[in-house]
Structures are given as C-alpha cells and as structure tokens.
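Order-wise, the sequence lines are chains D, L, A and U.
Residue numbers for the first sequence follow my numbering, so the first one is 1 and each next one is one higher.
Residue numbers for the second sequence follow my numbering, so the first one is 1 and each next one is one higher.
Residue numbers for the third sequence follow my numbering, so the first one is 1 and each next one is one higher.
Residue numbers for the fourth sequence follow my numbering, so the first one is 1 and each next one is one higher.
Each hint should be verified, as a subset may be incorrect.
When chains are identical, the list treats them as one kind, so a pair holds in a single copy or across two.
Stated by the list, open to error - Subject to a maximum C-alpha distance of 25 Å in a straight line, what follows is the list of computed BS3-like cross-link-like pairs (lysine-lysine): (1) K235 - K197; (2) K216 - K5; (3) K235 - K5; (4) K275 - K197; (5) K293 - K315; (6) K189 - K162.
By construction, these hints were calculated from the structure, which means they are not laboratory data.
Since the model is a prediction, treat every value here as computed from it, not as a measurement.
Protein chains: 4
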Amino acid sequence: MEYRKVGKWGLKISELSLGSWLTFGNQLDVDNAKEAMKEAFKNGINFFDTAEAYASGMAEFIMGQVLKEFRRTDIVVSTKIFWGGNGPNDRGLSRKHLLEGTWNSLKRLQLDYVDLIYCHRPDPETPIEETVFAMDYIIRNGLALYWGTSEWSGDQLEAAHKACRELNCIPPIVEQPLYNMLSRERVEKEYLPIYEKYGMGLTTFSPLASGILTGKYNNGIPENSRLARFPGLRKHLEERGLLGDETIRKVREIGKIAEEIGAKQSQLALAWCLKNPNVSSVILGVSNVDQLKENLKALEVKEKLSEEVMERIKKILE
Amino acid sequence: MEYRKVGKWGLKISELSLGSWLTFGNQLDVDNAKEAMKEAFKNGINFFDTAEAYASGMAEFIMGQVLKEFRRTDIVVSTKIFWGGNGPNDRGLSRKHLLEGTWNSLKRLQLDYVDLIYCHRPDPETPIEETVFAMDYIIRNGLALYWGTSEWSGDQLEAAHKACRELNCIPPIVEQPLYNMLSRERVEKEYLPIYEKYGMGLTTFSPLASGILTGKYNNGIPENSRLARFPGLRKHLEERGLLGDETIRKVREIGKIAEEIGAKQSQLALAWCLKNPNVSSVILGVSNVDQLKENLKALEVKEKLSEEVMERIKKILE
Amino acid sequence: MEYRKVGKWGLKISELSLGSWLTFGNQLDVDNAKEAMKEAFKNGINFFDTAEAYASGMAEFIMGQVLKEFRRTDIVVSTKIFWGGNGPNDRGLSRKHLLEGTWNSLKRLQLDYVDLIYCHRPDPETPIEETVFAMDYIIRNGLALYWGTSEWSGDQLEAAHKACRELNCIPPIVEQPLYNMLSRERVEKEYLPIYEKYGMGLTTFSPLASGILTGKYNNGIPENSRLARFPGLRKHLEERGLLGDETIRKVREIGKIAEEIGAKQSQLALAWCLKNPNVSSVILGVSNVDQLKENLKALEVKEKLSEEVMERIKKILE
Amino acid sequence: MEYRKVGKWGLKISELSLGSWLTFGNQLDVDNAKEAMKEAFKNGINFFDTAEAYASGMAEFIMGQVLKEFRRTDIVVSTKIFWGGNGPNDRGLSRKHLLEGTWNSLKRLQLDYVDLIYCHRPDPETPIEETVFAMDYIIRNGLALYWGTSEWSGDQLEAAHKACRELNCIPPIVEQPLYNMLSRERVEKEYLPIYEKYGMGLTTFSPLASGILTGKYNNGIPENSRLARFPGLRKHLEERGLLGDETIRKVREIGKIAEEIGAKQSQLALAWCLKNPNVSSVILGVSNVDQLKENLKALEVKEKLSEEVMERIKKILE
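Please construct the entire structure, taking both the sequences and the accompanying hints into account.
Below, the structure written as structure tokens:
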C-alpha cells in the first residue's frame, strides 16, 4: 500500500481507503464493520471515511465503536457535514448546522476530533464567508485537524480560498469528488488550477460508477443488484446516460483489456483511478470482507497498467 | 410556516416567532410558557427570543426551563445584553458587561450557547471597537453562534461593520428594530444600505404598536388594558403622537380593510409586516395560548394581501 | 461617589478606589481587610487593586478571601504582574512570567478572571511584541477583561499600541502612574498624546506622596511613621528632593489653603488629584477603617476646589 | 551560572543545561535521572531538554516523573516533535503529527504545557504554512509558551518567519543546532542574519562532538566507548571526516592548551561554546552525576579563556 500526501499537505493517507456510504448500518453492522476495518487496516488502509448523513448517523456510530480498538494516531478519520436531519437548520453550511453537526458527529464517533471534516456539498444559500469562518472555528478549536469540500465546483473552491485569505482563515486541503472512468471532466479539467494554485488533494468516491464498471449491468439490471434495490439511483444514472448503449459498449471494451491483463474489471477500474497522480485516495465501499480483499488486488493490477495500456483505455473512453 | 434566512446568512428562522417581553415572568409562569412554546413549535415556530432585561432575568429562566424539552438543533434561541442590573458596570456594551451578562444569561437559560445574541441598544459611551472585540470573543468562544444589534441607527451599524473589517472580527448579521404600520421610517428607509451592503436580516418587535393596531384603543383606554396598566408606556406613545386623532383615524380605516378580507385587525397588522421581504421574522408577544392561535392565523391573512390591498393600506398610512 | 470611564473605554470605576500595597498582609489581615473593603464598597468604591508582588502574594490571597462575599459583577478587580519571585523567570514581562504569573495570581485570588491586569513596570529586556502577544493571550482566553501598564513612559506606550495594531492584538486601556501634587510631569505632559490618540485612562497611586502631603513630615520624620519604618523609601524620596526644604515649604503653603477651606491636608491632596479629568480613579492605601473614612471625605473637599483655589495651588507648586 | 536570554526574547535559561538524549532511559533510570537533575538544579541549571524520539518516549516519561518535585515556574522544559513512531503520520511536521505528538508528549511528561517546543528537524514534505499554523495552534492553546526549530537551514528559518508574518502566526524564537569546535559553519556563518533580523537564540547540542573533543578517541576507539557501542554513529562521524588524522591532530593541539590552563579537554570544549554570545545554552548529556559535576567546571574554565587563548584555538581549528 502506498501512502500519498493529501495534495501538497503533510497528512498521509493510504491510496485505497474504506468508506461507509450505503454499507455501514445497512449491509454491515458493528461486527461486520469491525471485521472489514481490521482487514483493511491489516492490509495498510489507514483512512476511514464517513458522514453524518450515512444511515442517519448510524454509520458514524458503528465506525466509532470499532475505532476504539485502534491507536488514534494510526488512523485518519473523516466525516462530512451537510444533511443532519429534516429541520430548517439541520442541513447546509450555515454556522449553526456546521457547528452543531460537528459536535453531534463527534459524539456519535466518540472521538475528540476527526482528522478531516468535509462540507459534504456546496450550499449556495449560505455566503462563503459564513462557511469559511465556521470551518476555521472547527479547526482552531481542535474539533478537526483539516477541512475539505465534497463536490464543489472549481469556482466555488476559488471563492473559498479567496475568502480564507481575506479573513485569515485556515484553507481547505482536499476535495472529495465522484471520479471514475465514466465521469472524468471535473477531476481532469475543472480542478486543474486548484491542484496547482492551492495544492489540494482528492479523495474520490464511486470508482466503480455504482457498479456499472464491474460489468454487471452489461446485460440489464439483475435482480437484487444495487440498481434494482435503489430505483432512485437507477433513474439518476439513466438520466446521465450511464446505462445507455454507448456506455455499455465502452464498458465491454474495457472488460476485454481487464481479461488480457488477468484482472477483474472492477480491479481495473480501481487501478485506473490510482494512476491519476492528483488522486490521494480512492474510497472503497464494500458489502463484505471478500469484496474488500478482491478490491485490494487493484494494487497489483495498478503495476500492470503500462503507458500503452493506459493509452488504449483512453481511446476507448473518448 | 415559512422559514426565512436571516438576511443573506445561512441561519433559518420561522417568519413568526415567540418573544418573552412583558409576558414571561408576568402573565406567563413556567407552565403557561411551556404550553405557549409547545403550541408555537407545533405550528412551526422555531425562533424564541428573550433578553437579560426581561422580568429581571426571570424570562430567561422560564424559557430555559422549557427549552430542556426541545431538541437543541430544532430551535433558534436568542437573548440580548444591555440592562443587567443597577451597578455601574451592569449595563451597556462594555466588554465587562457583555461578557458577564452573557455568562449569566447562559446560566439562567441553562444552555451552553445561544444561537443569536443581541446588543440590546447602542451604547454611545463605549467605543465600537470594544463592543466589536467583545462580541467577537463571544462568538469565537462558542457562547453564541451569531450576533446582532437592536435599535441601532444606520450609521451605528455602518461603524460596527467597518470596525469588524478593520479588526478582523466576525460581523453582526441581524438587527432587531421596532416595526409596524405606524413606525416604518427606519426599516423602510434608514436601513436600506444595510440590507444591500451587509446582508443583515431583521427580527422585528412591536408589530401591533403596543396594541394600538388591534383597534382596542380606538375609543379611549379600556380599564385593565396594557396602556392602563403601564402608564409609562402610555405616556411614551402619547409623546410620539401614536394615540392622537390622526393615528386613530388611520387605524379605523385599516380596520375596514381587515373586515373586508375577513381578518381581525391584529392579524392584518402582523400579515402586513410579513409582506416586507427584508423582515426575517416578526416577534409575537402573547399573554396566553388563545392569543397565540389567533396571531398564527396572520399566515393565512398574508395570502390575501394582494398588491391592490397593499396599495390601499399604503395610501391610508401616508 | 462618581463612577468614571477608564479613558474612552466602557469600564466604569469609582473615582476613589482601594489598593492593597504595603497594607494587606502587613497592617491588615483578612478580618481587617474585610472590614475596610466592606466600608469602601458601602461608600461606593467598586475598584480594588492588588499585585502579585504585594506582600509576596499575601495581598492577593487576602483580597481573594474577602471578594467571595461580593457579587462578581459589582466589583472591578485588578492585579499586576512583574515581580513574582527570585528565579530567573519569576520577573519581567516575558510570556513565561506573564502567563505563569497570571495563572498563579488567579489561584491566590480564587477568581476565574480579573477585570484589569497590569504590566507592573516596563521591561526593556523583553521585546514589546512578546509582551503584547502574551497580554493578548490573557485577554482572549478570558483570564482578564482588559489590560494596562504601570509606570511606562509615553514612548513605551506608543510602542505598545503600534505593536498591537501590527499584530492584531487587543491594546492596553489604562496606565497606573504615580501622581500627586509633587510629581506631575508624566501625567500632565508626557501622557497627553496617549489620552488623545488611544483614549487610555489612569488609575493613579501615591496621591499623598508617601505621606509627605499629609504634612506629617513638615517637622522631620516622626518615630513609627512610614518613613521611619521603611528607610529605603526615605532614601528614595530624599534622592528625588521630596524631603528637602523647598518641598516642605510648598507643603506648608498648601496646608494653609486646606485650613482655609476646612479640610485636612491629606483630603485636599486627594481632591486635587480628582480634579484632573484624565484621572479615572485615585487609589487609596489605608491602614485602618478610620483612615479610609477620613479619605472618603475628599469627595466633599473636591466640591470646594473652585477654579480660583486650583489656580492658587498651581502657583504654589510651580 | 549565568542566565542568558533566548536571543532577544524574555525567556531566560542557564548557559549550561541538561539534555536527555541517549542517556535518559538508557544509562539513567528514574532514580539516576532524579539525582542528576537535582544536582543540576542545585548548581543553577534551570533548562531541561527532551524529545518525543528519545528512548521512544521513555526519556519524556522519566523527566516527567522527576519534574513533579520541582516548582513549575523555576524550570524551563522543552521537548521536540518529529519522530513519534513508524506509522505514516507518526513523523514529520504535518498538523496531524505536530498536534498528536504534542498531546502525547504532554501526557508522558505529565505537564499542562512545556516552555519550549521544537520542530526536531525540517520537513520538506510539509508546506511551511501548515507547520506554522500548527505551531501557532500549540502556542495559542497554551500547550507550549514558545516554539523553536532544530537543525533547520538559514533559508528554512527565513521561510518560517516570512510565513508567520503573512499568516499572523507567532514566530519561532530559538534554533537547536549541533555546535562544537569541529562543526562551526552553520552557527557562525549561516545563521548570522537570523540572529540580527529575528533575534533568535540558540540551544546547542553535541558540544563534545560525540566525545571526540574529550580526546578519548585520539588513539582509536576504546572498547565500551560510545562509538564502540553505536556503530551507526561511528560511521556517520567517519563519513564527515571527524575521526580522520587531520581532526585528531587538531584535537591533540587543543588538548595542549587545556593542559596549559589546567582544564580537562572536555571542559575546554564546553567553555569554548559558551564564549559565543549567540549561544543561549549548551546542552549537556551526562551518563552519571560525576560527569555532570566535571562538566559544570566548564564555567570556571570559561573565565580563563582570554582573547589570546581564543585566538590560538581559532588558528588551530582553521
């Protein structure tokens, strides 16, 4: 396992990391989560990601129960604030929700501080100076060591850094975008100035494009698959054309390359993300330990991705 | 119930809110207050306003007793500091009184923090930089999430924002002025630059002009009415011409419109305040639950206030 | 008793105040001190001054024992840091001594915070930025509400304010100089720009010039008098010419005026200090309650000091 | 014992001080350390230096056990953060390691704060602004009173001071370099602008060049000597030519001067360091109390180092 710096900053996280989205509190209870996290740590994963929104706080609670068995300095724990409930002040990036959300997340996690805290989405209804002052409060009071953003636009990140400079606030060091073979625009184009000017790192999610990049939807939506169980997600993907013929054709082509180099298609998709030097860590979501073990093999597959193979993939994706 | 942003900021408060001035600790004890606050919350009110000065701290104590039964993130609690006692340092906006006043208010409220804390009046005897540094202390130490002012002039607000910028202090986000059909100058003219330049919101008090706008003083001062019981208030209103013939004539004219649209005159007066988009919340003072229920119907009346009706009211008030 | 603002700032202190120098821990034990402080408070004194150096910390301890019986917001308590012991880091205005000194003073005083904390002397061995950052720490951590200096030169005060502006630190609001009829230069000339530019107030000590202005040394040094008991003090005064013939002649002249207006000479000397509008409070040191009562009559004497009388005194002192 | 200011700053430390490198937790257990520290303190040493890295935290623990018997204000305690373990975030100057390292050091030391905290080495992998913000956090939260660096280059120190100015952070006041007769370049040339522009002081280590300057390696490496026990150190010195003929010749020449002035060669080497006015303190590492007593005599030897003797030494070292 390689440990990468988060952008230009001093924090180091494992190139593969374990997320809790859709799994902790759903497929995984405390015991399963413990098994997965211990296996992950044994294999060099030191970064564990959660959010107040996941399973209505249950994901944080489960992760907190397991984290007690780790040495605090060995791990990097992140959470994200945005959706904390249904009340008028339970969501968004107001000072009220950011502070109350953080205090409550730390209670569920049973931690004094998280390493990273993310603004889980941009909030156009709150002025950036309010958000920046609140995140600065969180850092300067020791509730988190670093802060980041998730799914903010390049312009929104520019505005955040400008406000930090003007208000003498500590700036964000990391973005958490969706990134995979089928969604590359933001990470590979829009964020370019952000890496260079501000040295931000990336922790990326959805490396398998909700499973599409495993090839399992190549012949329609199987019963009991995630897309069958979450019709909202299916609709969302359809609207973005990700279940269309053109996409499936590309996925099949990529599948052939996977076969050639002796890898599962999912492993190839993960390894491909790791080849991007601006990516600090690719967050895995796993339903069980076997899936985790399978995904970890992406590290070996990464070694097989020569420039020539990468070039072929690039052509397919164009 | 509509939830409005406080000016441009991320905090959201119900357009109608419940104050404790003249009522908590007077007409309302802990049990009555609890009944009123629960009814208010059930109807969507999330903002509860008090002050260290109200009933010599009793209003805060009563509100604190009731607030224990609410989820902290569901509510927005404000208090105000200025009149804390009779000693030389018990009033005004010195650092000593602002900090001691806040510490003591929080004890009476039994809270770790309030959402909003107001400077209850301007204090020309204290330099603005002292006040601004003290409010910044209160925010940065987590005793309050936001701060505001009450009954400050436009120039005083300008000075406060200028000092905040120069001293790198967190600026006020809200003013709490008196505002009703009979007192419009400040809110509709003097503060205009403040909304635009600083995005401040308003929480307004005295929507019924001490009862004048209910029409109950149209034929003199009834026994047992508030003006009969508080001669000081009566004198104050008389001096400002608010009990004069010209005013009563206007109130009667407005009364006819209320009748036309099938509303109580008090409901029309409240609804009229709500039509001003710069108003974030209109603070109600109620003596009992029935009055609260009656006032809440202003929300329905608001829907009936067409442009044409508003224009007619405007003409009457001129 | 008049309450004066400390310079332009919002803090208000009684024009006469009670110090603990040379008395608390020497002539006054806890019981005597309690009696004196209660009498002082009853007569309107709200400001009580001490220092870590007085009686090796005993003065602070005694004051702390008595302060428990006062309401915290009723009083203004000050201490001063500079001489805390004999070790290399027990004195001066280094960050180490300022912070350790303050922590230890608060323990002896049994208080969470003092209202005012003074740098008891300038420290040419410590750079002003170190001192300013340390005092800012003390204020921003709630250990004191305001800070001041004692016996700093006009240039040193200029340097302090300049450093505060450059380092975004909270500035000092008060100086504590020696001031009486025989020592006027600094307060009446050197500090003039300081009042105007920075609005600093003054709490002055030694209003009776170690007793010279009571007239009791007009015919030599009586046995058991303070100057007989403290030969160091006597030498110090002699070196500054304050026990010379010229001085004694002036004191006798002033004595005649006192007699004319029906005042004790000590009361006239105190009242004369109070006539200076830049003086916020004159600190009294008393050995017993009777002396305190006698000194408090200076307030009445102040009313008798017409412009004409002040002019005559001015001529004598020239 | 002379107490020197740390550069231009107000903190005062004894010119000789006691370190814990290679000794605490190795040759010295709690009892031996206590004996040494008490002897040191009795002789005027007030500065005790340790680091998280020394004996894997054991040096801090031992020092903490002994420090309980000292008055906190009498002593100046320092630790250093850089090497805290083997995990990806256990070393270097990231915010994560600096804060976690400091929290853990304070626990081992059983202290609320250290006087000085050093960045034990430069960390080119972490941007200076991250380190500067983290050290500022440590100071502003009262975990340390001052901060410094160890073995940073002149350029790195320039960059640190520039970042502090730009980010309004409290700057470092002290460097801890290696300094002795055989390694003079950095202290005597590279750092010159640092003393003048920033008033930094120096606490220097390795005054005897790992024992070479005692003369004990003049005839090869004796069995059981430090160089025999630590082959890594031996190799390191050999690579830098410090065990070569040319060096040994110089050491022998210096030895003759020591003999002339009636001093042990080690005492002369220590006294020579003390003659540099930019040195605030020379840190001694001792294996037992006798060695400490012997080293303390360097203070007397210092008095014998006339300009003429210093000139002769200078010629030899050229």
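Right, here's what the structure says about each hint:
no.: 1; hint: K235 - K197; in the structure: neither (37 Å within a copy, 43 Å between copies)
no.: 2; hint: K216 - K5; in the structure: neither (33 Å within a copy, 46 Å between copies)
no.: 3; hint: K235 - K5; in the structure: neither (36 Å within a copy, 32 Å between copies)
no.: 4; hint: K275 - K197; in the structure: within (22 Å within a copy, 46 Å between copies)
no.: 5; hint: K293 - K315; in the structure: neither (30 Å within a copy, 68 Å between copies)
no.: 6; hint: K189 - K162; in the structure: within (20 Å within a copy, 33 Å between copies)
Checked against the numbered hints given earlier, the structure breaks hints 1, 2, 3, 5 and satisfies all the rest.
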